[in-house]
Amino acid sequence: MVASQASQSSRKGRKHIKSTAFPYLMTLPYFLIYALFGLFPIIYTFFLSFYDWNGVAAKAFVGLSNYVRLAGDPVFWTTLLNTLILAVFTLPLQLLLGFALAAVLSGKAMPLKKTFRFFNFLPYITNSVAIGMIFSVLFTWRGGVVNQALRLLGLISKDIYWTGKPWPARIMVAIMLIWKNTGYTSLFFAAGITNINPSLYEAAELDGANGFQRHVYITLPMLKNVIRFVVLTSSIGLLQLFDELYNLFSGTATNAQVLVGGPRNAALTTVWYMYDKGFGSVVELGYASAIAYGLFIVILVLTVIINKALEGRRSI
Amino acid sequence: MTNPNRKPRIALRQIPVLLVVVVLSFFALFPFWSMMVMGTYRTADIYKEIHLWFGDYFPQNWARIVEIDFFRFFVNSIVVALTSSLLAITTSSMAGYVFAKFEFRGSRAMFNFILATMMVPGQLGLIAFIILVRRMGLISSWLPLIIPTGASAFGVFWMRQYIAGAVSGELIESARIDGCSEFGIFLRIVVPMITPALMTLGLLSFLWSWNDFMRPMLILENENLFTIPLGIKRMSSYMRQDIGATILGISVGTIPILILFAFFNNTLVNGLTAGAVKE
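Heads up: the protein sequence lines correspond to chains F and U, in order. Take any residue in the first sequence, count from 1 to its spot, add 93: that is its number in our numbering. Take any residue in the second sequence, count from 1 to its spot, add 47: that is its number in our numbering.
If we strip away everything but chain U, and leave its shape as in the complex, we get:
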């Protein structure tokens, strides 16, 4: 008697709950949808009415962004973000490993120091950082964007925690007895065991580097080196009167990477909640 009554009641109860999710998701997605739609209209038509569906001006707008060679910004961003994340996972896993598995003079003080640097706001040294980069003649080079990601306090902390739990000391000890070199142990035994953590950290570093705006804006003067955010900015000042093409450019610079992130949904979620300490 109770069972047949139960089912519809639960389904009814689900409706307000589903409504919350759908409304919030609509709110979250609408600007993206609007962006994709507006990029297919002629500039003069964009502000005429609310566009909810695609227009027919896509080919012309597309031709405009091909003309200004928007796609090189894409290639630049991929190179910068990939090397940044490779560097971050390399230095972080090296340091994280020894903090997890070795006791050496000063190890605790060193690790506490790294933790303390996480409390310092990221912009504290910005003024002198830019002066330093200019003095070193690194203006218009990717190096000052890439190299600093090799000092990720969050990365070291993250790798240390992961390695402490995932890599057994006995395994390292037996490899040592077999005559494996210390660095060989790290490379051939530890690294293969920590690939999930490397993936998470790599993905986060990629994301942070990809979205970086203020530093690249202050550092990169040569337009050929511009990353996506700067490219979008530059494009919009080039095509000041052509808002349709600009919006299409923003879509092209934004949507593909978001689709890529969709495949790493879970890794990203875990990383973002852990990585919150970084910001």
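Okay, chain F solo, but in the shape it has when bound:
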């Protein structure tokens, strides 16, 4: 035992082995806080998902019926479809623009690199209430900047009712998301690009490849992992999107109560649906808990699918 400990310690280098309370005490604050505010709510939410409860009356055990209801709930499936549509609208452009920005900013002769980089991830660190409200002002039906600009360019003759019609609403949300995430996405591409062996580029340059070709034939294939990571985290993020949408559809301009889910639920995400069931006008805490676990399962499945799908491509 002593020998194995000693050999382990030399293998690991400099780890200290001593049976005292000290290391446990040092991790205690973390674990105490996590147990109370992290783990307990997760377990209790699972427990609640088997009950019917409006938060006031007594809880009634209903077995699996919340989950049965969830599986047949068209609104729940709508939220997943909305996520898919948003992903299709946003991810290709977000990846393309993020990659272009990173590739361009990685050039040796590029002036003001850090300033441009900062400008472009500024939207990502801005608070979501401000983003939602500003976009609702920019996309105001009558007299908003976007409609006015489109009129000036001669692209439309009738104002588009962005916040009131399903497809315009989806396009508006997509534009907001691309705006918010492009610079952030480019940070990951930039990190990936700096990890690529510079001798590859030198060899390509000797072979006569220009800058564009070097990026298409060397940089892009080397960044499969970055692409997989961005697709996965962005998709999970879309399922959980709430803050921006909530504020977009209750912004200063609509001048009314929040329109849950946007026009005809076109912008309802799974987390927004959960929020509405948990804290909206009709409180169904048990069903909201089931939605939370439904979302968890969806995320697990999604993770496996995306990893599989993009793994296969990587091996080619």
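Please note that a few of the clues may not be correct.
[Claimed, not checked] Straight-line alpha carbon distances no greater than 20 Å define the calculated DMTMM-like cross-link-like pairs of lysine to aspartate or glutamate that follow: (1) Lys95(U) with Asp252(F); (2) Lys251(F) with Glu96(U); (3) Lys152(F) with Glu377(F); (4) Lys201(F) with Glu295(F); (5) Lys317(F) with Glu404(F); (6) Lys95(U) with Asp289(U).
I should point out that these hints are in silico values taken from the structure, not numbers from a laboratory. Quick caveat: nothing in here was measured; it's all calculated off a predicted structure.
Based on the hints, put chain U in the right spot on chain F.
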């Protein structure tokens, strides 16, 4: 012969590249510019035409947001975000240190458990978290916003990785031989050596706390405790007819902190790419 030809060719090649950057930056900055400009117009004029330059209604709009005491939300946000990030760096560096430098019974299982919690979506326990907070009578208190940031799995992971690389075991061992207490070693030797990592984690925690919206909205009922995002929301419902003043308020609540972040540009970039695991 080749050299004089080379220079202009490179400059020409730079033009499309620069164009990409400038167009994307314009796209990124335009909503901010538009926001700052629109906040200086009278509400009735905002939707008349596209405003690209400042108007003359700034004093009146400013008076409106001073009148509703918008600035206390600012102070509230600073208090909440600062204490949150202090707590996060304290608990994370303590746990990160022992996971980096100690072998103790269960240490590996504990660390793997922390890593596993990063895979769980952040909203999974939301319903019960809010019920718990209400049961504990912590509604309208900053505590349920601040305390949970002390359990940052990303923070522990980040600090462990940093400490494993930045702090030498020999140094700790020699301090131990000199009779320094274990906690004294952590406080006087380890902490000063890891200030860059503490800065990064502190800045990220500050950012996350500053932008937090859903939990504060569900927890804070007392308006005097509202943070900036809630303050903006409340202001907009107060001044429903006064969009000019509302937009000025949004600018005031947003721009100063973004300027502050500009000074930490690099720290933020490194942190955001590392911290992506958290979300």
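Checked hints:
no.	hint	in the structure
1	Lys95(U) with Asp252(F)	14 Å, holds
2	Lys251(F) with Glu96(U)	16 Å, holds
3	Lys152(F) with Glu377(F)	11 Å, holds
4	Lys201(F) with Glu295(F)	13 Å, holds
5	Lys317(F) with Glu404(F)	9 Å, holds
6	Lys95(U) with Asp289(U)	15 Å, holds
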